[in-house]
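Trainee: Turn these sequences into a full structure, and let the hints steer you where they fit.
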Amino acid sequence: CSPLPRVSDEDVLPAIAGDAPWAVELLYQRYHQMLYALAYKMVIDYHIAENLLQEAFLSVWRHASMYSAQAGTVHSWLFASLHHRTIDYLRKMRRRTSLQEVPLWEIESDARVASSDPWEEVWHREKQAHLPEALMQLPEKQRRVIELGYFQGWTHIEIAEICNMLLGTVKSCMRLGLLQLKHILEPLGVRER
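Going by my numbering, the sequence shown opens with residue 20, and the numbers climb by one from there.
Lysine-lysine pairs mimicking DSS-like chemistry, simulated, CA-CA at most 30 angstroms apart:
hint, residue 1, residue 2
1, K111, K60
2, K201, K160
3, K190, K160
4, K190, K111
5, K60, K160
6, K60, K190
7, K111, K160
8, K190, K201
9, K60, K201
Restraint ranges, calculated between C-beta atoms of paired labels, are given here:
hint, residue 1, residue 2, range
10, H103, D38, 21 to 29 angstroms
11, E159, K201, 17 to 25 angstroms
12, S87, L186, 32 to 40 angstroms
No wet-lab data here; the hints were simulated from the structure. Please read all numbers here as calculations on a predicted model, not as lab measurements. Yeah, the Cβ is synthetic: ideal placement off N, Cα and C, and Gly gets one too.
Mentor: This is the structure we're talking about:
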């Protein structure tokens, strides 16, 4: 078995679009553990997390030519794709009562997962260090609706029902909480990617 070539993520996607099998394998080796950890933390089911991971890489294989570097890094594109796919799955299943709430900072690779990208490891640690502190500075209602909406994929209507709040109150709490988070995190150098 020959070693896989050292190629940047941005060069791997055009190779995948050109049907190069080594490129899919390379991208899979770089990111499958982190993506699996994200899916598992969200669905708390090994088989479903594995299926979501397979669907995400199948989508990458089919849509690699649609990637644009202007939209963000390959890493961000992969994680956003898996996150949206997982949220869609959760919404379809409507198993809200059996799901555990997992804050964003807990969606991390466990001890057996290691990143091959040193910059990503540093960014991930930096984000982990600041986000919990920033969230804790928010009022309870704002923190709760952000965790449910952004980290668990619940809709505003579902949050209103669960939290026994008016829909307008949920939307206001979400908007104010996100603005406040932005103001807290920007001076620390944590910005939207």
